[in-house]
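**Q** Below are the chains, spelled out letter by letter.
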Amino acid sequence: MTTTLPKTSLSFRDRMDVENGLVDRKIFSDDEIYQLELKRVFGRAWLFMCHDSQIPNSGDFFQTFMGEEKVIVVRNRQGGAEVLINACRHRGAAVCRAHSGNTSKFMCAYHGWTYDLNGNLIGVPGNAELYDKTIDRKSWGLGKAAQVMSYRGFIFATLDPEAPPLETFLGGAGKVMIDKLADYGDIEVVPGVIRHRLKANWKIGMENDQDYYHVGITHASLFDAWQSSRAEVNQQYWIDNKGDIILGEYGHITDTMPGHFHSSIFPHMSLLTDLLQVVIVRHPKGPQELEMLYFTFVDKNASPEERKAVIDRNIMRLGPSGMVEQDDGENFEFCTTGSASQLLRDRPFNYQMGLGSAKLKEGDDRDFPVFEGDRTSEVYARWRIQCWADWMDAENWDDLITNHSLPAAR
Amino acid sequence: MTTTLPKTSLSFRDRMDVENGLVDRKIFSDDEIYQLELKRVFGRAWLFMCHDSQIPNSGDFFQTFMGEEKVIVVRNRQGGAEVLINACRHRGAAVCRAHSGNTSKFMCAYHGWTYDLNGNLIGVPGNAELYDKTIDRKSWGLGKAAQVMSYRGFIFATLDPEAPPLETFLGGAGKVMIDKLADYGDIEVVPGVIRHRLKANWKIGMENDQDYYHVGITHASLFDAWQSSRAEVNQQYWIDNKGDIILGEYGHITDTMPGHFHSSIFPHMSLLTDLLQVVIVRHPKGPQELEMLYFTFVDKNASPEERKAVIDRNIMRLGPSGMVEQDDGENFEFCTTGSASQLLRDRPFNYQMGLGSAKLKEGDDRDFPVFEGDRTSEVYARWRIQCWADWMDAENWDDLITNHSLPAAR
Amino acid sequence: MTTTLPKTSLSFRDRMDVENGLVDRKIFSDDEIYQLELKRVFGRAWLFMCHDSQIPNSGDFFQTFMGEEKVIVVRNRQGGAEVLINACRHRGAAVCRAHSGNTSKFMCAYHGWTYDLNGNLIGVPGNAELYDKTIDRKSWGLGKAAQVMSYRGFIFATLDPEAPPLETFLGGAGKVMIDKLADYGDIEVVPGVIRHRLKANWKIGMENDQDYYHVGITHASLFDAWQSSRAEVNQQYWIDNKGDIILGEYGHITDTMPGHFHSSIFPHMSLLTDLLQVVIVRHPKGPQELEMLYFTFVDKNASPEERKAVIDRNIMRLGPSGMVEQDDGENFEFCTTGSASQLLRDRPFNYQMGLGSAKLKEGDDRDFPVFEGDRTSEVYARWRIQCWADWMDAENWDDLITNHSLPAAR
Amino acid sequence: MYLNAEAQNEIEQFFYEEAALLDEHRYSDWLKLFTEDCRYWMPIRQTRLATQMEDEFTKPGEIAFFDDDLPGLAKRVHKLESPYAWGESPRPRTRHMYHNIRAIAVEGAEITVSCNFVFYRSQLEDDVDWFVGRREDILRRVDGQLKIVWRSIFLDQTVIEAKNMNQFF
Amino acid sequence: MYLNAEAQNEIEQFFYEEAALLDEHRYSDWLKLFTEDCRYWMPIRQTRLATQMEDEFTKPGEIAFFDDDLPGLAKRVHKLESPYAWGESPRPRTRHMYHNIRAIAVEGAEITVSCNFVFYRSQLEDDVDWFVGRREDILRRVDGQLKIVWRSIFLDQTVIEAKNMNQFF
Amino acid sequence: MYLNAEAQNEIEQFFYEEAALLDEHRYSDWLKLFTEDCRYWMPIRQTRLATQMEDEFTKPGEIAFFDDDLPGLAKRVHKLESPYAWGESPRPRTRHMYHNIRAIAVEGAEITVSCNFVFYRSQLEDDVDWFVGRREDILRRVDGQLKIVWRSIFLDQTVIEAKNMNQFF
Ligand code: FES
Ligand code: FES
Ligand code: FES
Ligand SMILES: [Fe+3]
Ligand SMILES: [Fe+3]
Ligand SMILES: [Fe+3]
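Chains as they are written, first to last, in numbering that gives the first Met the number 0: chain A, 0 to 409; chain B, 0 to 409; chain C, 0 to 409; chain D, 0 to 168; chain E, 0 to 168; chain F, 0 to 168.
Hints may contain errors.
Heads up, simulated DSS-like pairs for lysine-lysine below, C-alpha to C-alpha not over 25 Å straight-line [unchecked claim]:
1. 198/B <-> 69/A
2. 132/B <-> 241/C
3. 284/A <-> 132/C
4. 31/D <-> 358/A
5. 25/A <-> 241/C
6. 198/A <-> 132/C
7. 198/B <-> 284/A
8. 31/D <-> 146/D
9. 137/C <-> 241/A
10. 132/A <-> 358/B
Please keep in mind that the hints were generated in silico from the structure rather than gathered at the bench. Bear in mind that the values here come from a model prediction, so they are computed numbers and not experimental data.
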């Protein structure tokens, strides 16, 4: 089997050979590619912002990112969600200094320009005395996301006015992924969003979510602590391994691993939805740095015991102190360093696990293709990276809609 | 009123629309523009070095910067001031390790090449034994500023041999700004120059000096501490607001605000000269970093009480621990970050305060135009940035002399 | 004598004027030049890895660098030394986490791919269950140096398959340098390799090794501590100064200074071999950073007293805490900063000491030219930098072999 | 309030012994310093508006970095002592430093002690992390020995910049 | 010279209480620890030639970062507690740590105490500063209570790299 | 084991005095704190496999950063106090901070004390280094005065990122 790639052309699709499971390592650390990602991926896609339950009332806000830039998601007086860029239009200073909270307006602490919950400029100190009322307020509101939509309480935003509606982007597959979490009841985010930075490329973090191959090794000490033998672990992840695999258009993915059911909405949102009830978002902060946000969901009507159980299962596993994820951070960083190797510049990363093992599932009546096969497989990573190339090669949304890959067995 | 700029041309003048008060945010964070600034602004202008009183005697020296590079201002035996680049001509090591002091010569601690107070190479260890006397000492003196001149004890230097004399550069307006401070008597710098770094663009710091708009908001807690009401503050800065405005050629500026009288000699020297007796210099250390130096001046013949009063007024207000400036640093950094926003790339900063409110003052007999109008205004910032564009667009000093903007009402 | 260089052409040879002792300062800090150095110097030359005695038994390993990248030198089961790139072929994570030790294999802690001591991929977890045995192990071994050879127990490696044999690269001169240390007996490396980083260019560090000019000044405090007068020091380094000078092809150098005999194998290995028994390697970590490794050698059969004496002589002098080298680090950093000066951009560094003082030695029967003259001289630095230009200008090894400079009096 | 020198000295020495166990990676021995009914808790800290600081830290029962009882801690200890704990392979060089140790409440057999901590960690070649914050411990004397009943750890950063928080505080 | 354990303990606890007040941003309470005639002084430190170190620090009456009497401190406190103190909005997470506390002189009712300090500050998301140096305090017992008569703060850096020095040391 | 408050206090004050001498660059006075037969030793720390940690530090007789007897220390002191000690020109601003001071063994007239240290150094304009680790001292009472018989310094970093280690720990 070949182990090299054709010399890189200008097309990103040519930076990989998904049939043979080869991917150019450079895409995980190169700055030029990253700058284009900010435009073509994060500048176009619908990005998860936060959940309705985090900002129930007018003035409630939550601060997150679109690409590298700070945005404020706020509940306006009309009951809608606004996504505002956290930079004053006068001279660019920040208008909000908190991760979350409640406010009636956003005031810039430099000269006091003030914006309402819709981002409109409503206050200009000295407007009469100093500006002679010449400031055209309508033109100087805060920058905003181009579109904001939500699906079952999950608020998304896009910077691209030409992006199709959220549900088109999600497709049947994407919706199912969110449904799985939303169906846990009348869900809400438990107070406390963990924020964690790593010196790693955001895509390497994403790939890990459906990577059941690393579990037995990376987390061996955990199973040791849990006294489950390697044999049991392998049985679970290597043998009892057949099942549904969902590959959605535009790069959405779900494994259906019992106790995991890790779903990813392209590009950077993951839902852990079987044992856990968690959303992880991985914001890029440079080609070799990311910031991860962790949201835990629980049914508002859950009993105190149920609620505690959900939270404990999560805390015990996730975040920089979680007994599972403690082990992952270092691997993300090592892989990012390895991807930048010049000596190995021409040796692609290996994505050959489960090549061709996923078959189209017959007689599944869902409105999107479902595959079946080994669920411990790199089929997820191959699909995501192939879709990523579609996004990177497309000139605009029309181009992407026309030319994006359709799920097929591989 | 328009709120956009024409697509950027190669001309810096086109990066702003001063008539409408719009300025391209990019100039406050872009590295390429910054590199050109080092050449066309800091490589050409007369830059303030220090004051005669800091180096009264032969061998007294003070270390500062020209652009990003370290220079030593030293009193030579002839009584003149030399500006020497702090890098040995042998292999580049530093020849001076102190901010200030007194020395009879500068010896490089690597191999001992020694330079006199004029920067001449006077000592080469082993000159006879090892070099067989072949070193041509005349050719290997320390690098020096192209010209050094002073005005009323303020020492300036330029890297451009073609720069016109200091007084031409200062012009009538610039001289008046220095006179205001020099006229406090037989002035000297009080020992203790504060050095403070911020992650901010140098121009954002400069603009703040004549920014009386931010005072009531940014420093609200100070007025609170001083128990002066917002009404009083507004009265002072918004209403009792008419007065002279001086816009000098090449970008020099003075407001005539009582108790302030903040003057700026382009590009990076500010004089606070009514209540305070201070000079601030803002050295660039990258597109998004600066180092500020603070000099306090007092009349040598002042009584101990007067002297203490001057110093106290200053300490209480300036520097990283000053009750006023404590509040400013964060704004400078926030604005610099905001200027780098890609999402707001096409939305210029707003410079619309007091558009057209400054009128030429009739019958003022000073040898430079004087304007009058609201003294809390962005007329200063507009003038400075327009002049900055002249500097950036000019090929050389001749070009600048021929094509620089002349002060006019705007 | 001229003190300027012709305007830089594309040739590196033109960045210096060795006849007149002038070298473009830019080569010590420019990033573009540095990137090319990684390819043309560190990507081609035979680089010292470690000594046989550090990895006597199968599985013993020592981690070091080739250029910027981490490599593992390991004793394989066949008794040979392998040089493996420390990055897993699956997704790039590190396969070895220690500076040195002993292991039977290298396992990647991410997914458990395992490599034998020859770098062959021998273990792929789930090979049958998950990969259906499709992984072509032969194609997925660790990256390796192109060639590994040793001379008298000193292990070298090169990344260039076309590099000539190690002994050709070393030549008669290079071999003599190693012989001098190897002849101390049945030598071994004393446990404890010091690793020290500096913000300095690697070439500036290298030049210091044959720089006897700085000794009396930089280390003046040491002689003070040792109570030897400046006169004595000068006598030793300036007067009792005549002797052999060895300039080897490709840039190898030896002074024959009593008590020093500092030899450098191009590009980055130095042997201190008269009073001391030490090897220093200077790994580049960017144009303005390096990491230095210190190896101390002693005769296995030395008496405890002799052994202690060797070690004490070394500890007392070298490394960040050594009484000699404590003084050097700062100079390396200062010179690197000075080399980046834009104001001095057109003023070359001075390499004029001992110009033309080294003459070819008649009737020396060694199989390489030997020169004689002042041993405190920049002849070494001139020769090294001229050879460096040969490496940088050559398209490949053939080109280098054909066009490299031959030692000649200068 | 403050304790007399002897009582203060006993508590300081108790914490210093504890720090030594952690920095020597003797986790099982460390575990013995906790009572059966202990709680080990590190809430999440969030950047909040000045007027809304009451929600700066998450509350018991909400999300936390650590919220362990003795069996939970025991699992973590087992893990750290496992031969497969790559994060401990090789062991990071950790240094726990306690400052400003103050008794802030005494209630029957239990005493509440506050201290500021600096937890320094150096791993592999050049990987350095600093964790800084305040700790609050409820100590109880159990047949002569001081034991930890409840430990609350209040970290000062709201965004964790370290690769992980494998070790204990 | 050094104090006996009890006297030393009292002073240490006094400083630890003080640090707690600062880190809890209880500035007005903190202010009460100073005497009417107090002085709070932080000179400027400059890089000087080795032979001219006597001028390393500016002298009283020359430029200083802080040179306040009680009313001056009160103004600063008032400012920090003002609702418009944006730098305190939200409050930075500060941690004052004192080390090597030593009595270096006793003169009548006044005792001079030296300590090394590490002042850690974490603000907003990822803005971290470290201030390190030595402090010298003259303490006086005023009706039973220790109070601060003169505080001198000697910072170790000559170029301040922090955004500001809003808080107290 | 731990000492009573008075004994503990004496040792803490002894170390604090010592730190003051170092930070005041009074190296000759500092040297007087050592006995004639003293040893001052800082082994090299290496990143090793977890299973081979016994070799993490070099052993006496192997390479070390410092391995001095009194005359050796005296040479270093002489050097630091020499007018040509460029590294001390100007003097770096150093701050030695000791934490978690514990007596870990008493044997006849000698007591072994462990402490964690943070050694902060600020030089020239903006050159800052942090050295963190653990120290172990054997102290002996010589006609009433405590003296240092053996000092072992265990640094936490394996790659020194500081420009040098000119000063003492
Ligand atoms: S920058 Fe926001 S009001 Fe001026
Ligand atoms: S670098 Fe200054 S004397 Fe050599
Ligand atoms: S990265 Fe090494 S096994 Fe996967
Ligand atoms: Fe994992
Ligand atoms: Fe201000
Ligand atoms: Fe040297």
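**Q** For every hint, state whether the structure bears it out.
**A** Hints versus structure:
1. Of the supplied pair hints, the one linking residue 198/B and residue 69/A holds, its CA atoms being roughly 18 Å apart against a limit of 25 Å.
2. Note on residue 132/B and residue 241/C: the hinted pairing holds, with a Cα-Cα distance of about 18 Å set against a maximum of 25 Å.
3. The suggested pairing of residue 284/A with residue 132/C is violated, with an alpha-carbon distance near 39 Å, which exceeds 25 Å.
4. Taking the CA atoms of residue 31/D and residue 358/A, the gap is about 54 Å. The hint is violated against a cut of 25 Å.
5. For the hint pairing residue 25/A with residue 241/C, the CA-to-CA distance comes to about 54 Å; that exceeds 25 Å, so the pair is violated.
6. Of the supplied pair hints, the one linking residue 198/A and residue 132/C is violated, its CA atoms being roughly 34 Å apart against a limit of 25 Å.
7. This hinted pair checks out: residue 198/B and residue 284/A have alpha carbons roughly 18 Å apart, not beyond 25 Å.
8. Between residue 31/D and residue 146/D the CA atoms are separated by roughly 8 Å; this keeps the pair inside 25 Å, and the hint holds.
9. Distance restraint check for residue 137/C and residue 241/A: the Cα-Cα separation of roughly 29 Å exceeds the 25 Å cut-off, and the hinted pair is therefore not satisfied.
10. Simply put, residue 132/A and residue 358/B have alpha-carbon atoms about 19 Å apart, close enough for the 25 Å limit, and the pair holds.
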